[in-house]
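Chain G: place on chain C using the hints.
There are 2 protein chains.
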Amino acid sequence: MANQEVKLFGAWESPFSKRVEIALKLKGVKYEYVEENLSSKSPELLKYNPVHEKVPVLLHNGQPIVESLVILEYIDETWKSGPTILPEDPYERATSRFWANFLDNKLFVAVIKFFKSKGKEQDAIEEIGELLSILENELGDKKFFAGESIGLVDIAANIVALWLGVIEEGFGKELFTKETHPKLYKWSEEYLDCSIIKETLPPKADLLAHFFKAAHA
Amino acid sequence: MANQEVKLFGAWESPFSKRVEIALKLKGVKYEYVEENLSSKSPELLKYNPVHEKVPVLLHNGQPIVESLVILEYIDETWKSGPTILPEDPYERATSRFWANFLDNKLFVAVIKFFKSKGKEQDAIEEIGELLSILENELGDKKFFAGESIGLVDIAANIVALWLGVIEEGFGKELFTKETHPKLYKWSEEYLDCSIIKETLPPKADLLAHFFKAAHA
Numbered sequence: 001m002a003n004q005e006v007k008l009f010g011a012w013e014s015p016f017s018k019r020v021e022i023a024l025k026l027k028g029v030k031y032e033y034v035e036e037n038l039s040s041k042s043p044e045l046l047k048y049n050p051v052h053e054k055v056p057v058l059l060h061n062g063q064p065i066v067e068s069l070v071i072l073e074y075i076d077e078t079w080k081s082g083p084t085i086l087p088e089d090p091y092e093r094a095t096s097r098f099w100a101n102f103l104d105n106k107l108f109v110a111v112i113k114f115f116k117s118k119g120k121e122q123d124a125i126e127e128i129g130e131l132l133s134i135l136e137n138e139l140g141d142k143k144f145f146a147g148e149s150i151g152l153v154d155i156a157a158n159i160v161a162l163w164l165g166v167i168e169e170g171f172g173k174e175l176f177t178k179e180t181h182p183k184l185y186k187w188s189e190e191y192l193d194c195s196i197i198k199e200t201l202p203p204k205a206d207l208l209a210h211f212f213k214a215a216h217a
Numbered sequence: 001m002a003n004q005e006v007k008l009f010g011a012w013e014s015p016f017s018k019r020v021e022i023a024l025k026l027k028g029v030k031y032e033y034v035e036e037n038l039s040s041k042s043p044e045l046l047k048y049n050p051v052h053e054k055v056p057v058l059l060h061n062g063q064p065i066v067e068s069l070v071i072l073e074y075i076d077e078t079w080k081s082g083p084t085i086l087p088e089d090p091y092e093r094a095t096s097r098f099w100a101n102f103l104d105n106k107l108f109v110a111v112i113k114f115f116k117s118k119g120k121e122q123d124a125i126e127e128i129g130e131l132l133s134i135l136e137n138e139l140g141d142k143k144f145f146a147g148e149s150i151g152l153v154d155i156a157a158n159i160v161a162l163w164l165g166v167i168e169e170g171f172g173k174e175l176f177t178k179e180t181h182p183k184l185y186k187w188s189e190e191y192l193d194c195s196i197i198k199e200t201l202p203p204k205a206d207l208l209a210h211f212f213k214a215a216h217a
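So the protein sequences, as listed, match chains C and G.
End of the first sequence = 217 in my numbering, gap-free, step of one.
End of the second sequence = 217 in my numbering, gap-free, step of one.
Hints listed in this document are in silico derivations from the structure and should not be mistaken for laboratory results.
Hints are supplied without guarantee of correctness; some may be wrong.
If several chains are the same, the list does not tell them apart, and a pair holds so long as it fits within one copy or across any two.
[Said to hold, decoys possible] Below, a list of computed lysine to aspartate or glutamate pairs in the DMTMM-like style, where the Cα atoms sit at most 20 Å apart:
(1) Lys47 - Glu92
(2) Lys80 - Glu92
(3) Lys7 - Glu32
(4) Lys113 - Glu174
Keep in mind the model is a prediction, meaning the values are calculated, not measured.
So here's chain C without its partners, still in its complex pose (with noise of 0.2 Å):
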């Protein structure tokens, strides 16, 4: 398409900013990548997410898409070559839906929590890792969350296949093991491995160093 303007707004070390890097990329979306600083957000970015602030902001021709689970349905509404981010049927979808949702309003809530307790941290473990066995039951046997390709879900679920390891070794606390959630372990082992994924998510040791470097200094 001709005249085709795709910018994204992001920053490194955000996984909801990586969820959409990774969709353009599934999708072969050629795009313009603006890193912002987190901590001295540019003007543009202030200017295309007044009401949140916050990356990630897609700008498509102009008109900008903002929050990464909006952006994801759009990328999969507007770019219909490559693979499908959402299922067809309806009801897979809401509950692709669903478990996005709760990713972000009960997991990513439950880690902030895990960040803010000082002193109270075992009760935020327990409530991360609870949270993590109802999403290993919902995962069961198999490969991705949808079925045999990377989804929705999996890619929302950034937070759980990298973050969580870098909050694990930060705190010096085990929070999501081999031995306490064995079968979203593997998944996570799995996501990490496409290449997408590999290609587009940050190493290990630089998030570490990220979030981390008071701790360590």
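Coordinates of chain G only, in the frame set by chain C:
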């Protein structure tokens, strides 16, 4: 279609539950309604929504669909007859999803904060006012959020159209008036005047008695 079982587990006082009833009626879908007592939920509700244990739950041919916005998209994708709930254009769809999420993640959260804000009501009132101004700005001079007919954002905004007025009256505080938000106020009048909305939403007096009966007892 033969063997179509459509069953809604809802609660008459819930703006989320009412979203689903409105969508089913818009589409002309026949359904069985099960009224839940939110202080003593049925084993069926807990079975079909074990993660959140909340209404609404839509049961379609034995398959449970959960979370009101997920259900609205499911209804739109499953029953193609009748008016569409989301627009066709991907950018307009993304915009609708964004504002529906805004209502749940920003406005509803601020309303809950107001409920809990003993002594700090003024902060919560100001926040609600600012969020409504953002909505007012998005609405502009359109009749409904996506144009000439009711769609996802209007249905998601049940809480603005009816419940905010109940809360205002119950607390004796001004939140949303013709003077503070004229366009949004006009929208609420137009919305509440639609026949499906009128026959589906409960009388304000009933909500007032339900939510504030303790205060008036």
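Hint check:
Within a single copy, Lys47 and Glu92 get their C-alpha atoms only as close as 35 Å, which misses the 20 Å cut-off; across copies the closest is 19 Å, which meets it. Within a single copy, Lys80 and Glu92 get their C-alpha atoms as close as 18 Å, and across copies as close as 17 Å, so both meet the 20 Å cut-off. In the homo-oligomer, the alpha carbons of Lys7 and Glu32 lie at most 20 Å apart inside one protomer (5 Å), although the nearest pairing across protomers, at 47 Å, exceeds that limit. In the homo-oligomer, the alpha carbons of Lys113 and Glu174 lie at most 20 Å apart inside one protomer (16 Å), although the nearest pairing across protomers, at 34 Å, exceeds that limit.
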